[in-house]
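Please build the complex by placing chain P on the supplied structure of chain V, with the hints as guidance.
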Amino acid sequence: MKPLTFLGIESSCDDTAAAVVRSDGTIMASVVEGQTALHAAFGGVVPEIAARAHAERLDTCVEQALTQAGLALTDLDGIAVTAGPGLIGGVLSGVMLAKGLALATGLPMVGVNHLAGHALTPRLTDGLKFPYLMLLVSGGHCQFLRVDGVDRFTRLGGSIDDAPGEAFDKVAKILALPQPGGPSVQAEAALGDAKRFPLPRPLLDRPGCDMSFSGLKTAVLRLRDTCMTGLGGLRAQDRRDICAAFQGAVADVLTEKTRRALLTCPDATALAVAGGVAANVEIRARLTALCNELDLRFLAPPLALCTDNAAMIAWAGIERFQSGALDGMELVARPRWPLDQTAPALIGSGKKGAKA
Amino acid sequence: MDRSELCFDLVDAAATERLGSALADWLRIGDTLLLEGPIGAGKTHLARSLIQARLGRAEDVPSPTFTLVQTYEDERGDIWHADLYRLSQVDEVIELGLDAAFDRAICLVEWPDRLGDLAPDGAFQLTLSAKGDGRVARLSGPTARLKELGRVC
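Residue numbers (full-length UniProt numbering), protein chains in the order written: chain V, 1 to 356; chain P, 1 to 153.
If we strip away everything but chain V, and leave its shape as in the complex, we get:
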């Protein structure tokens, strides 16, 4: 049987992306624009907010992807597009482009949840069988998903406040390290002593798979101020030791909560990770060790497919299409779209008040 070829379109986050992927897992082209746009003043990636800018970039991304794949629109079997969650302007531009292309070509169109794109990536890269446990850990997301099928996700837990990527960025900012924070904190931590400063392990004392990273950021702030008392600055070794303590705390929490999540999925074929934070060497080493201990496969797709991209959207579109999904002109862009509609929301710790 001839494999299906899908165009994928992604514009829900900071980047604009297009890709051409085949149902046999071949990525014929994957174009991502915008990741290098760093803004020195505030740190981190400058978000593209304007729908118009996304729309302009999308046209070129799609053209580039088709050129790289050596295909014309008429060679495609379908179009997949991120329909949420994300900034509405970006998502709308992508959905409108997909609708225009679908109308003009008569190709089928499938809307994809951005998070489903991440969650199904291990099937694109390694043909992983259901069910498996997915740890999605990035700048904006942190959750455990049990993946049972193309449209069957169960959220087992997640961060009740900041995502770890955000915590790394903000700790870097607090310690006057360059952005993005992940690589710079990791480089400092490699030269530090993780045992010198004790930092809390938030929510480890509570059952379940929920996590919290906001308090860790505040603890780092206090530690910095204590180290600086009477000095007028932060000693280089103090900074390295703080970074090591912080990274160790994040790794501890992620590893222990992953262990608990895996306990609820004895039938899982693997632990798969996605998101930029999965590139952190210590976190990856700890999760690998955990899987070795549990005699379970550990799977981390290449970084380019772990961070935001359109290949995962094309792939999720193919999988959804093969399972019978098809969207029409009524497809809407959704700023909020939880993957697991049945899971209770995560509530902040110790909520008190008249209406609690």
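What the hints contain is simulated information worked out from the structure, not anything from laboratory work. Even glycine gets a Cβ: it sits at the ideal position worked out from N, Cα and C. Hints may be right or wrong, so weigh each one.
Within a straight-line C-alpha distance of at most 25 Å, the following computed SDA-like cross-link-like pairs (lysine to any residue) qualify [claimed, not checked]:
hint : chain 1 : residue 1 : chain 2 : residue 2
1    : V       : K173      : P       : Q89
2    : V       : K195      : V       : D252
3    : P       : K131      : V       : G230
4    : P       : K131      : V       : T229
5    : V       : K173      : P       : G132
Which residues of chain P face chain V? A few of them, derived with a C-beta cut under 7 Å, are [claimed, not checked]:
hint : residue
6    : C7
7    : S63
8    : T65
What follows is chain P alone, placed relative to chain V:
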């Protein structure tokens, strides 16, 4: 407009949550609360407490740093939780639709210095700073409204 200031001692996270609850009952549609203070001052924690109390239901309130804006639907009017930390130009506020939301929602805005002159005239300003192990919150805004809050806090 006559403005004044209220000061709250927040000894711990629970005190911040109680203030969030009180503000949730007191804020009205069309109110904007500008949340000031450095990283780690507790802006998002206060906003989260306020939103969860106002909605009166279990609801995720993730940090809006990466998404820029999180909106929450409520029968009494929507709540917008924005974090402008990553914005670089004032006109991006308009792209986000925040200027329009000021009139028809309750807007909680972190890093409001990025608003430039787009901040509404009657906006309340809540500044958080560290004090020992806790925080201090200073709330300034139109005097008449602050008196209402003073009666319930």
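Evaluation of the provided hints:
For a cut-off of 25 Å, the pair hint linking V/K173 to P/Q89 stands: about 20 Å separates their Cα positions. Simply put, V/K195 and V/D252 have alpha-carbon atoms about 13 Å apart, close enough for the 25 Å limit, and the pair holds. Among the hinted pairs, P/K131 with V/G230 is consistent with the structure: their alpha-carbon atoms are about 18 Å apart, no more than 25 Å. Between P/K131 and V/T229, the direct Cα distance comes to roughly 15 Å. Compliance with the 25 Å bound is thereby established for this hinted pair.
At most 25 Å may separate the alpha-carbon atoms for a hinted pair to count; V/K173 and P/G132 meet this at roughly 22 Å. Using the Cβ-Cβ criterion of 7 Å, the hint placing P/C7 at the interface with chain V is not satisfied: the shortest such distance is roughly 20 Å. Nearest Cβ of chain V to the Cβ of P/S63: about 5 Å, under the 7 Å cut. The hint holds. Interface restraint check for P/T65: the shortest CB-CB distance to chain V comes to about 5 Å, inside 7 Å, so the restraint holds.
Checked against the numbered hints listed earlier, the structure breaks hint 6 alone; every other hint is satisfied.
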